[in-house]
Amino acid sequence: KAGVTQTPRYLIKTRGQQVTLSCSPISGHRSVSWYQQTPGQGLQFLFEYFSETQRNKGNFPGRFSGRQFSNSRSEMNVSTLELGDSALYLCASSKQGAHYNEQFFGPGTRLTVL
Amino acid sequence: QKEVEQDPGPLSVPEGAIVSLNCTYSNSAFQYFMWYRQYSRKGPELLMYTYSSGNKEDGRFTAQVDKSSKYISLFIRDSQPSDSATYLCALTLNAGGTSYGKLTFGQGTILTVHP
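Order-wise, the sequence lines are chains A and B.
Anchor point for the first sequence: position 15 equals 15 in our numbering, and the numbering is continuous, going up by one each time.
Anchor point for the second sequence: position 14 equals 14 in our numbering, and the numbering is continuous, going up by one each time.
What the hints contain is simulated information worked out from the structure, not anything from laboratory work.
Mixed in with the good hints there might be a few duds.
Simulated DEER-style distance windows between Cβ atoms [to be verified]:
(1) Thr50/B with Asn59/A: 34 to 40 Å
(2) Tyr10/A with Ser53/B: 29 to 35 Å
(3) Glu15/B with Ile12/A: 36 to 42 Å
(4) Arg60/B with Thr53/A: 37 to 43 Å
One side only, chain A facing chain B, incomplete, derived with CB under 7 Å [as the list claims (entries may be wrong)]:
(5) Gly40
(6) Gly42
(7) Phe45
(8) Glu102
(9) Pro107
Calculated Cβ distances over 12 Å to all of chain A for the following chain B residues [said to hold, decoys possible]:
(10) Gln1
(11) Val4
(12) Gln6
(13) Val19
(14) Ser28
(15) Pro44
(16) Ser53
(17) Gly54
(18) Ser82
(19) Asp83
(20) Ser84
(21) Thr86
(22) Gly101
(23) Leu111
(24) His114
These numbers come from a predicted model, not from an experiment.
Beta carbons are placed, not taken as given, at the ideal position from N, Cα and C, and that holds for glycine.
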C-alpha cells in the first residue's frame with residue numbers, strides 16, 4: 001500500500017511570492033491534516049480537511065490556505081511568502097477523523113524562502 | 001507556557017541502554033497520547049498510542065500514561081543505533097469540534113544511541 005506522498009520535496013522561493021504544495025493521502029483515507037515544522041516552534045497544526053471541507057484550523061495567518069479535492073488529495077497555499085515561512089511542511093492522512101485515527105505522515109516539503 | 005513540554009535533549013546513550021523519554025501537559029482534556037519517531041529528512045512515524053492511564057508494551061517499547069500527573073513516558077529497552085532519531089510526543093482531544101485532525105506535539109527529543 002502506497003504511503004502519503006508530497007510534492008515537491010524541496011522548494012526555494014523569494015519573499016513576496018506564493019507557493020502551492022500538494023499531498024496525496026493513502027488510498028481510502030479521507031482526512032488530511034497539514035503541519036508546519038520549524039526548529040524553534042516544532043510541529044504546529046495548520047488545518048484539517050475531510051470530504052472537501054475544512055473542519056479545523058490552527059493559529060496561522062490567512063496567508064495560509066488549503067483545499068481538498070473529491071479524490072481526497074489536498075493542496076496548501078501560502079501567499080506573500082515571508083522569511084519565517086521557511087519550514088518543513090508535513091501532511092498526514094487518516095481514515096475518517098471522526099474519532100482519533102492514526103495519522104500517517106508524508107516525507108514533507110522543505111520550503112526555503114530567500 | 002506550551003500545552004505540551006518535552007525536553008529537547010539531546011540525549012546520548014550507549015547501545016543496550018534503557019532510554020526514558022518524557023512529556024508533561026497542562027490540558028486535562030487530552031484523551032489520546034502518542035509517540036512518533038522521526039528520522040532525519042523523513043516524516044514522523046507512529047510508534048505507539050494509548051488512550052487511558054497505564055502501560056502499553058510493544059516489543060522493546062513501553063508507553064506509560066499518568067493522567068493524574070499529566071505525564072507521559074516512552075521507554076526503549078535494549079536500545080540500538082537504529083533507534084537514533086527524534087522522538088515526539090503527540091496528544092489530541094477527544095473526537096469532534098476543535099480536535100478534528102489536530103495533534104499537539106512536544107518539541108521532540110533528539111536521541112543518539114552509539115555503538
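For each hint, the structure was consulted:
1. Thr50/B with Asn59/A: 34 to 40 Å: 27 Å, violated
2. Tyr10/A with Ser53/B: 29 to 35 Å: Given range 29 to 35 Å: violated, Cβ gap about 42 Å.
3. Glu15/B with Ile12/A: 36 to 42 Å: 39 Å, holds
4. Arg60/B with Thr53/A: 37 to 43 Å: Hint holds: Cβ distance 41 Å, inside 37 to 43 Å.
5. Gly40: 9 Å, violated
6. Gly42: 5 Å, holds
7. Phe45: 5 Å, holds
8. Glu102: Holds, about 6 Å.
9. Pro107: 5 Å, holds
10. Gln1: 14 Å, holds
11. Val4: 9 Å, violated
12. Gln6: 9 Å, violated
13. Val19: 20 Å, holds
14. Ser28: At about 17 Å from chain A, Ser28/B clears the 12 Å cut-off, so the statement holds.
15. Pro44: Check fails; 5 Å does not lie beyond 12 Å.
16. Ser53: For Ser53/B, whose nearest Cβ neighbour in chain A is about 16 Å away, the distance exceeds 12 Å, so it holds.
17. Gly54: 17 Å, holds
18. Ser82: 19 Å, holds
19. Asp83: 19 Å, holds
20. Ser84: Given a closest Cβ separation of 18 Å, the condition holds.
21. Thr86: About 10 Å separates Thr86/B from the closest Cβ of chain A, which leaves it inside 12 Å; violated.
22. Gly101: Incorrect as stated: the minimum Cβ-Cβ distance to chain A is 3 Å, not above 12 Å.
23. Leu111: 16 Å, holds
24. His114: Per Cβ check, His114/B is outside 12 Å of chain A; nearest 23 Å; holds.
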